[in-house]
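Q: Sequence:
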Amino acid sequence: AKVFGMKIDVEGFEGHVLRGATQLLANPPCILNIELNRQFLEKAGTSMRSVLDLLWEAGYDVHDRNKPHLRELLLQRDFEKCQARFDEDPLVAGQNGSDGLAAARAAAHLRAVRPAEKPVQFADVGYEHDPRPVTAAAMAEIDPAEKDMVEYEVRDDLQIYGYDKSEDTFVSGMLSRGRLWESRSSSEFCKLIKEVNGRADFLDVGANIGTWTLPLARCIEAHGRGGRVVAVEGMAPIAEYMEASVARNNLTGTVDIYNYAVGDGLVPVDPDQPEAANKTQGKVTMNLDPTNKGGSSLVNQAENSTVVTTQLTTLDAILARSKGRVFAMKMDIEGFEGHALKGAAHLLEEPPCVLSVELNRQFLEKAGTPLEGVVEILHKAGFDMPKYDKWPALSTLIYYQKNWRRCRARFN
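At position 124 of the sequence shown (counting the first as 1) the number is 124 in full-length UniProt numbering, and the numbers step up by one without a gap.
Keep in mind the hints are simulated off the structure, nothing from the lab.
The structure presented is a predicted model; accordingly, all values stated were derived computationally and were not measured.
Wrong hints could be hidden among the right ones.
Once the Cα atoms are required to be at most 27 Å apart in a straight line, the calculated DSS-like pairs of lysine-lysine come out as [stated by the list, open to error]:
| hint | residue 1 | residue 2 |
| --- | --- | --- |
| 1 | Lys7 | Lys43 |
| 2 | Lys43 | Lys2 |
| 3 | Lys402 | Lys194 |
| 4 | Lys194 | Lys165 |
| 5 | Lys7 | Lys402 |
| 6 | Lys7 | Lys191 |
| 7 | Lys147 | Lys194 |
| 8 | Lys380 | Lys366 |
| 9 | Lys402 | Lys380 |
| 10 | Lys323 | Lys402 |
| 11 | Lys194 | Lys43 |
| 12 | Lys283 | Lys194 |
| 13 | Lys283 | Lys147 |
| 14 | Lys323 | Lys194 |
| 15 | Lys283 | Lys165 |
| 16 | Lys191 | Lys402 |
| 17 | Lys191 | Lys323 |
| 18 | Lys7 | Lys81 |
| 19 | Lys342 | Lys323 |
| 20 | Lys2 | Lys81 |
| 21 | Lys366 | Lys323 |
| 22 | Lys342 | Lys366 |
| 23 | Lys323 | Lys283 |
| 24 | Lys43 | Lys191 |
Derived CB-CB ranges, DEER-like [claimed, not checked]:
| hint | residue 1 | residue 2 | range |
| --- | --- | --- | --- |
| 25 | Pro386 | Lys323 | 29 to 35 Å |
| 26 | Thr169 | Asn33 | 56 to 62 Å |
| 27 | Gln39 | Gln121 | 48 to 54 Å |
| 28 | His129 | Glu57 | 34 to 40 Å |
All residues carry an ideal CB built from backbone N, CA and C; glycine is no exception.
Could you build the full structure based on these sequences and the hints that come with them?
A: Written out as structure tokens, the structure is:
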């Protein structure tokens, strides 16, 4: 088999797996999604440095070999040369799964020759300059039974209200199996927060029903340094679930919830109806996905989605009120990340030390903010960003400040 892409996550045994793959690494995959934990590797008798050296020797673009934890999409340094290995021979349908690869190439060719889309047009709708968090009283007033919320107990000290899994396949579906969504990443954030001696806040942008917010609120509360969670969710019907969970877990003293969409005041408009934006000053319409609540967004509309109008603000406006000291941030807002970062100039002057973000090229382009520009914003803010020019998306990965020690020292 000719392996183009590979994912490895074997809880610390990655070094041994790679040592047993010398023939594969002689002609390595062009793309590698890998998670490496220094502590787990050392327990297995290997080391972070030795594994990263092995990956570097195999041609991967490894940025920093001194990280305590790495969860990244690594590309071959000479990606074009690697990619050319898969263009050498004509495909024969039916061999080694080549039907699927041929279809993928055909689709890529069609995308390449399709007419260029019109440039995205924007309207400046403004934004709320003084956003207010949801009050503790309002959270306590929500009746989960009346709203058909399902209570999931994921830990002895944590209950989360979610949807029936038929209404929310991914996040609530995971809760229905007794597991938190993206729990490894949120656990890594908790570990890093506990290593800081001073106040360290967590900013959750696109908080959904709170599967990052709630466990990290528990973590920050246990850490006892006065940190807070600032959770931002634009969809009021979704945010209510998180609000009910915060009240249920007695975390209203640790969590601030802002029911706003975040951006920079500019929104994409229909070029045939640009005047429509003038009727919604300071507000935007979002699409509530019927089966994947985390896929609800400003720029993508699923079939049978419900349109919800919400107030627009900026991250800088929210943080000016909360007076947060953001050590860690997670952002997943389905293509509007570029606008949100443009509305966070003050935050990025003293940026978080660690960031989890999903960047989808197609979604970002629909919003008028190309992937390259968004990655450049994060690069200028000091994050150790991977190459991005050859890949349609950067999955939800963890990025650290290049000068990790200096950043962390701000919170000690």
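Q: Between Gln39 and Gln121, does the beta-carbon spacing fit 48 to 54 Å?
A: holds, 50 Å
Q: Against the 27 Å threshold, does the CA-CA distance of Lys283 and Lys147 hold or violate the hint?
A: The given pair, whose Cα atoms are some 25 Å apart, holds under the 27 Å limit.
Q: Does the alpha-carbon distance linking Lys2 and Lys81 stay inside the 27 Å limit?
A: Distance of about 15 Å is within 27 Å: holds.
Q: For a C-alpha distance cap of 27 Å, please report whether Lys283 and Lys165 respect it.
A: violated, 30 Å
Q: Just to be careful, I want the Cα atoms of Lys342 and Lys366 compared with a cutoff of 27 Å; is the pair within it?
A: Holds, at about 16 Å.
Q: Sort out whether Lys380 lies within 27 Å of Lys402, counting only the CA atoms.
A: holds, 11 Å
Q: Check the hint pairing Lys402 with Lys194 against an upper bound of 27 Å on the C-alpha distance.
A: holds, 20 Å
Q: Given a hinted range of 56 to 62 Å, is it respected by the beta-carbon distance of Thr169 and Asn33?
A: violated, 22 Å
Q: With the threshold set at 27 Å, check whether the alpha-carbon distance from Lys323 to Lys283 stays at or below it.
A: Cα-Cα ~24 Å, so holds.
Q: Tell me if the straight-line CA distance from Lys194 to Lys43 falls inside 27 Å.
A: holds, 21 Å
Q: Between Lys380 and Lys366, does the CA-CA distance stay at or below 27 Å?
A: holds, 23 Å
Q: Within a Cα-Cα threshold of 27 Å, do Lys43 and Lys2 meet the stated pairing?
A: violated, 32 Å
Consistency with the previously given hints fails for numbers 2, 4, 7, 12, 15, 21, 26, 28, ordered from lowest to highest.
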